[in-house]
Each structure stands twice: as C-alpha cells, then as structure tokens.
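Enquirer: Sequence:
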Amino acid sequence: MPHATPAALSKRILAWYDRNARVLPWRAPPGRVADPYHVWLSEIMLQQTTVVAVAPYFLTFIKRWPTVKDLAAASLDDILTAWAGLGYYARARNLHKCAQLVAEWRDGVFPDEEEALRGLPGIGDYTAAAIAAIAHGRPAVVMDGNIERVIARMFAVTDPLPAVKPKLKALAAGLTPSSRPGDYAQALMDLGATVCTPRQPACVLCPWLQDCDASHQGIADELPAKLAKPARPTRRGLAFWTLRKDGAVLLRRRPESGLLGGMMEIPSTPWRAEPWDLAEARDSAPVAAEWRPLSGMVTHTFTHFHLELLVVAGRARTPELAKGLWCPLDGLGDQALPTVMRKVVRHALAKAY
DNA sequence: CATACGTGGAT
DNA sequence: TATCCAAGTAT
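Counting in UniProt numbering, the first sequence runs from 1 upward without gaps.
No wet-lab data here; the hints were simulated from the structure. None of the values given here were measured: they were computed from a predicted structure. Virtual Cβ for every residue (Gly too), placed ideally from N, Cα, C. Hints are not guaranteed to be accurate.
What the hints assert, rightly or not - For each label pair, taking beta carbons as the anchor points, the in silico distance ranges come out as:
hint : residue 1 : residue 2 : range
1    : Leu-101   : Leu-349   : 37 to 43 Å
2    : Asp-221   : Glu-280   : 48 to 54 Å
3    : Arg-106   : Pro-29    : 23 to 29 Å
4    : Asp-77    : Glu-320   : 20 to 26 Å
Full structure from sequences and hints, please.
Expert: Structure (structure tokens):
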C-alpha cells in the first residue's frame, strides 16, 4: 500500500499529538513554542537520558538558575555538583561554556537558526534542529533515536544503523512539514517513546499504522537493525578511603577532560585490566598511611567497560601533605561526586566504621 | 567512520 | 546475571 501524502501524514500525527502529548516540565502546550532556555537545557539533559531521569534535574536547574545568564554566572563546580548522577559529564562542562557564550556574545538570547545553534558547545545536529523547531518554529529536520526508529519502520528500511542514518534522514526530510514543525518533531518523539517502542510496539494505537511498511510486513519489532556492540572488558582499581583525625575524607578532582572529567573522586590507582596488590598500589596512594582493605568490592558498569574497585581505608600520617580536598562526612552530599564514587562512599561508610 | 562518554530501569 | 536501551556529541 502506498503511503498517504506527507501533508496527510503530518496532519494525522499532529492531531494525534493534540490529543496525546505528554505533559513535560520543559514543554509548551501543543500549538505554542517553548522558552528557548528551557528547550536548550532539557535537550542537553535528554541526550541519551530518559525523561524520568531528567525531570528532577531540570526542575532543580531552572529553580536555581532561572535564566541562561544566571547559569553563565555560576561556577563550573556548582554546575557539576548539580549535574552529579545524571551522567555524561561533558554535557555539563559544555552547558557552562555554551551559557557563557550566549550570555556574553548574544545578551542571553539563543540563536534561532539551526546553523548558528550547531556551532555552540554541546549542540550537535539533533539538538540544533530540535531547538530551531521547538523553540523557534523553524522547519528543521529533527532526527533522534525515536524518529529514526519510526522512519525505519514506516519505510521498512532493513539496513543496519549507524550506516543507514543518512538514508533515514532523507526519508524523514520528505515528511517534515513547514507548519508546526516543533509539535511535529515532539509528536514523532512521543510516538516513538510511547507507541512505536523498541520492543513490542503498540501498532494498533499508531496513527500511521495504515502507512507503515514494516507493520504490513510484520517486521516492525525487528527494526531498526543495529550492528552488534563490542563486548565490555573489565577494569580494576584500588580506591583510598583516607581519613584525617577530625574525620574528614580526602577527595581529589579528576582531570578536566575524559571519563568523569572535572568531577570529584575518592583517590584511586589507575583503572586497568590486571588486579592490583596493595604493595604495588601504594605508589598511587595520595598520602602515607597504614592501609586496611575493606571486604567486598565496588562494581560499576560504564558505557564501555565494567569497573571493580577494591577500597582500602587508612588514617593519613601527614594530612597537611595530601594533595586534594579534606571533606567532612556530612559535606559529601554537596560535592560533585559521580555515582560510581558515591558507591565507594557508601561502601566505605558501611565497612570501615 | 569508530570510539569514548554515565546511569538506572526494563526484560 | 547479561544485555539493551534513553530526545547524542566530540574527536
């Protein structure tokens, strides 16, 4: 069966959106454009991150920093602390840079053109198109994982991702309307999130069911095809839970780029495939101490490797020589500690006292 | 074009 | 337990 015209398809999905749009804290009602600052902030947070995870962070951020100028004036450490737990911390560093650029060079006004947005830190093809469409009503071709899936199924594209991305974008471009482009993009993303889901899609609820090639062929739940991902190796490290006489714990800031860049950590050895023994690890210790291994292990899975951390506890002999920050136990919650390091803290508090 | 980059929930 | 997945970007 041939597809309906693009105009008919967009009309149908917009009607579906008018009835089914999810109410989200960063979203304007159907038919309206949203605050560009809210759209930008939410889109950065939503990169590879679920709506459920983002919502409380978004509300915290806009309450504490109501405008992009407020965010630009904040310290990077405050932003990293507020971002802690959300993951992909380069987003927080780029968020700060982007806010400062918009505040300083554009008086706090976000660009409304896709190309200008695309040049800002942390804004790639998807986010530039999303902001242009959702915050400014520009007819940009918005392509995210949801829309890729919807389009792959509509046209029964069986070639695997990521190589087929340009083809999917070309097909999507042919459907994108010039009227209500922001609602259209959000409608497709909502459709992908709630109906055209990765597993067990609810095709009977889909406004595009009669036009969907994959559904007709009974292969909707198999698309889009993806290349197999490489196996995750395991890396090991040894973390030093270091106490001062007054009970403060030694923290250290990680390098500004790379994994957990700019975040705080419990000092540790490098993370490598081979396990560490204590004698060897002592060279990495932040300060001299008698180290006592704690029972058990802290495990954490990152995107591309598993981590096993043995935690050793010790009292610093010469705390004044330690390189880092002595933090009282009740102040740990206010530090920019990523989840893996909060696991180390929890483990140490459970085992070392 | 491939890889690095977090986390938590669902299956 | 293992794997997949979520509104991707930078290099």
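Enquirer: Please go over all the hints and tell whether each is borne out by the structure.
Expert: Against the structure, the hints:
1. Between Leu-101 and Leu-349, the C-beta spacing of about 41 Å keeps the proposed range 37 to 43 Å intact.
2. For Asp-221 and Glu-280, the Cβ-Cβ distance of about 50 Å falls inside the hinted range of 48 to 54 Å, so the restraint holds.
3. In this structure, Arg-106 and Pro-29 meet the distance hint of 23 to 29 Å, their C-beta atoms being roughly 27 Å apart.
4. Roughly 23 Å separates the CB atoms of Asp-77 and Glu-320, a value that falls within the hinted 20 to 26 Å.
The structure meets every hint from the earlier list without exception.
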